[in-house]
Amino acid sequence: MDTFFLAVALGICFLVLLVLYRVVYGPGVFNRVAAISAVGTKTLIILLIVGFLYQRVDMFVDISIVYALLNFIGCVAVAKYLEMER
Amino acid sequence: MEAIQNLLSGFFLLGGIFFFATATLGLLRFPDFFTRLHATGKGDTLAVTLSLVGLAIHEGMNVTSVKILMIAVFMFLAQPTATHAISRAGVRCGLEIWRKEEEEKHA
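Going line by line, the protein sequences match chains R and W. Here this note's numbering is used: the first residue of the first sequence is 1, the next is one more, and so on. Here this note's numbering is used: the first residue of the second sequence is 1, the next is one more, and so on.
The set of hints was computed from the structure by calculation and includes no laboratory data. Where a beta carbon is used, it is the ideal one built from N, C-alpha and C, also for glycine. Where hints are given, some of them may not hold.
Cβ-Cβ distance ranges computed for the label pairs, FRET-style [to be verified]: (1) W:Leu8 to R:Pro27: 29 to 35 angstroms; (2) R:Met1 to W:Leu95: 42 to 48 angstroms; (3) W:Glu101 to R:Ala7: 29 to 35 angstroms; (4) W:Glu96 to R:Val24: 19 to 25 angstroms.
Take the sequences, apply the hints, and build the full model.
So, in structure tokens, the structure goes:
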């Protein structure tokens, strides 16, 4: 099962690399924010799988909760800021 | 019991990675901001929920599994909210909406 988890984590890492294209080259700030939000959700899953691989899920799950909250709050804050900027 | 747990967990994780892949494909290939958000908003929500449920099944019945399911519920609420906020900001900033005729006219 560890090998399977490692394969899933590597696959999601590859998808993060693909999304990073949209972060770097995406036209305009909105595409970048959407892509960064997608990277954040993928990182959440990678973090939990790394916790399973290290046999320390009880510690990594709290880090994941904080990461999910920060991802959501960051996205909403940037959206509000861009709305104000107009 | 262990085998059933592993099978269900693997099934959910593979479903999650499939929807992650489709969301990424949509984010890379769709023509404008709103269609990209349409792909990634719903695809990522479903993929995160499936992956978290799979990991919770693998963990079994304890506090950590409950915490993972709490993250799943939170993501299921928060991800559409964030998508809505950023797309409303896009509408209010006057981003152009892609139409098929424009592409034909340019081509």
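Outcome for the supplied range 19 to 25 angstroms, where the beta carbon pair is Glu96 of chain W and Val24 of chain R: Taking Cβ atoms as reference, Glu96 of chain W and Val24 of chain R lie about 22 angstroms apart, which means the hint holds.
Pro27 of chain R and Leu8 of chain W - C-beta distance against the hinted 29 to 35 angstroms: Cβ of Leu8 of chain W to Cβ of Pro27 of chain R: about 42 angstroms, so the range 29 to 35 angstroms is violated.
CB-CB spacing for Leu95 of chain W and Met1 of chain R relative to the 42 to 48 angstroms hint: With Cβ atoms ~45 angstroms apart, the hint holds.
Range hint 29 to 35 angstroms (beta carbons of Glu101 of chain W and Ala7 of chain R) holds or violated: Hint violated: Cβ distance 45 angstroms, outside 29 to 35 angstroms.
Of the numbered hints given earlier, the model fails hints 1, 3; all others are met.
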